[in-house]
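J.: Each chain, written out:
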Amino acid sequence: MKDHAEIELLMGNEAIGRALIEAGCQIAAAYPGTPSTEILQAVADRREEALEPLHIEWSVNEKIAFEIALAAAYTGKRSAVVMKQVGLNVAADPFMRTAYLGVKGGMVTIVADDPGPHSSQNEQDTRLFCLQGRVPVLDPASPAEAAQMVETAYALSEKFEINVVLRPTTRICHSRQNVALHPPKRLERQARFEKDPSRWAATPAFLPALHRKLNHTLEQVAAEPDLQPQLTPGDGSHPRTALVASGIVYGHLVDLLDDLGLGGSIDLYQVLMPYPLSSQFREQLRRDYDRILVLEETYPVIELQLAHPGARGKQDGTLPREGELTPDVVEQALCAFLDRPFSPETPPERRGQRPSLCPGCPHRASFAAIKRAFPRGLFPSDIGCYTLGMNLGAVDTVHCMGACISQGAGFYQSYAQDGDFPTVVVTIGDSTFFHSGIPALINAVIQKARIIVMILDNATTAMTGGQPVPHLGLTASGDATRAIGIEPLVRAAGVDFLEVCDPYDQQRLERLLKEADRHIRGPEPGVAVIISRHGCMMDSAVLSGQEKYQVTVTEDCTGCKRCIQAFECPAIEMDESGARARINTDRCVGCGTCIPSCPFNAIVKEKLS
Amino acid sequence: MKQQIIVSGIGGQGVLFLTRVIAQAAVDQGLPVLTAETHGMAQRGGTVLSTIKVGSYHSPLIRTGQADVGLLLWEDNLAVHRSLLKPEGHLLINADEEGEGARIDASGLAREMGNPVLSNLILLGLAVRRQALFCDAVQCEKAVRTLAPERFLDQNLAAFRRGLED
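Read top to bottom, the protein sequences are chains A and B.
Quick note on the working numbering: the first sequence kicks off at 11 and runs consecutively.
Quick note on the working numbering: the second sequence kicks off at 62 and runs consecutively.
I should point out that these hints are in silico values taken from the structure, not numbers from a laboratory.
According to the in silico footprint, chain B covers these stretches of chain A (three or more CB under 8 Å from chain B):
1) 186-200
2) 387-400
Among the chain B residues that face chain A by a calculated CB cut under 10 Å, a handful are:
3) Ile71
4) Thr80
5) Arg81
6) Val94
7) Gly106
8) Gly107
9) Val109
10) Thr125
11) His142
We treat Cβ as the ideally placed atom computed from N, Cα and C, and that holds for glycine.
One chain only, chain A, in its complex shape:
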């Protein structure tokens, strides 16, 4: 064990993961999701650094992960559950009740928010969720501060026997910083669950008392001296004026004030705990300031609690009500607030290259087969790499984890009422299927929905960097475990039509899709399932284990761009003249799945020896 602080360049998520180990966390559970994923990964990668036994798991969804960590905290150990903001919706049920019932050992719920949003279906603000759930939330302004706040959260959690949320945002999670490491703690705790049904199994009769206790606790938490807003006083040149910021926006603001030569001239408060906000702070702001600017992402959580008559921020439109508060946005708001001239050099809005499925991605082949089989089909899909099937016109809806099968069933019911129905082909990834697809499949079967469900099984959680899935037989630590097959689950859900196909064999896949369509339109109403199975290209073993061809474009190419527009493989591009397609050999993986995309048979492959 090192007794001096060692400095390491760490991503925010790695810093938080290391801090969990330093704090003596013994049970950590998560479901992967950008921007939170690397936190549990870091705990797994650094598990040797822990001084006590450590259980790490990729649970099948966030609700389950939460309940695992919760029970561990009931036994007196320190636990953590990690998710992204929309994952908290999945875990909302236990999360809300835990606020009333509390915990014993320290429990920290780490929820990564995604202002922007960069890779999420919404921008919801976990701090507001915490206000609604009556759960204290800490809002770090840098990776190093996020790491420090892990111990703060545990200490608070144990002092008041409550769950505490740590809420980093994308710019904390995926920033890197020089971070000081501290020696891990040895807490020597033995699991001991003390039965207390009036609390742990509280029926409605007990809940008003527990709610009263919670309200009392929150008042004490709000008054915790170490968690009060931190003041950097100004020099008096801006009297009765203050800036109030939290999270990464505080960091943007400090740099901006320095750049503008305003550092140390205005009273500046950093809010460490946006909920519950201390009443002393609210009163102080009302007493000492006429004008304040509140800077926070994403919702006006602090602003609403302050209810200050001179507050400017999201409510009066000084700051935009949506999107990331980038330094450019903060500059504009600050200049407006201080009546400083601001000449916005608004650069043209350009998005650059759009994301697309990797060369050789099996999903692309699956989507191509679906489009060919059912040019007028309806295509609900879901959250994952395969969302990018949108580029290929084979994804019509993406809502939230697992929604696609229920949406597909809903489309069927709605059309079927009117007589005929279109072919509905739902696409769902293997990890998403385990997360929340199974109940939806059971529901579709018992409601006799005539739909085709294609499970895109690439044996990994690809979008978040390849976390193991239940049918792989591997734990988060890389140890072997029981593998849970998809086929028996599908059969047990009452599905009669079940086929498995490698999507690289596109002719067979197309044939199976048409068979499935005949089945759902046959005498026995029901769901047809096709498992489209081929490994992910991000796994180098998959790539090196498959046939590789030399793929070329012949003189038969007419330059129609069908291959580029409809197949959209990043390895196919137009040549300099724009007259003919060509294969970019830097990017081509030699799978040959593009060949059927050419109406003129101008793409050919030759086996490489």
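Add chain B to chain A, keeping to what the hints say.
T.: Below, chain B alone, put in the same frame as chain A:
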């Protein structure tokens, strides 16, 4: 010492690795450093941008017109990210045709070396040779040694040196 750097490219080009190498060179010199990176869906072949701030900063993001150095692995991104750079900032671009900024056909050279992904370190080599960065060749090599997986180390160092000489 204060320097603001952008690294721009598309997913799969090694923007993240290049970002980490530069940040590690700062850590090795005892300089505070903050980076912000693109993860998730955009990494699937889409435009990606990293920012690096070396020195006493609190935020990893860079305002319009404030970057001192731009490393562009994908020429088309010039239109997207040029506005982040100071007018007098150093611009280094992986491109096989003439144009704005200091240019090198890093992809072509990387292909000759047998791995297109090496273009990131070739471009870094050029930036160091042009003295655009806060760090020198020795410091960069040390950072590459720290971060590169062992089986790719020699290849990575060779690519860096290739850019340094060109």
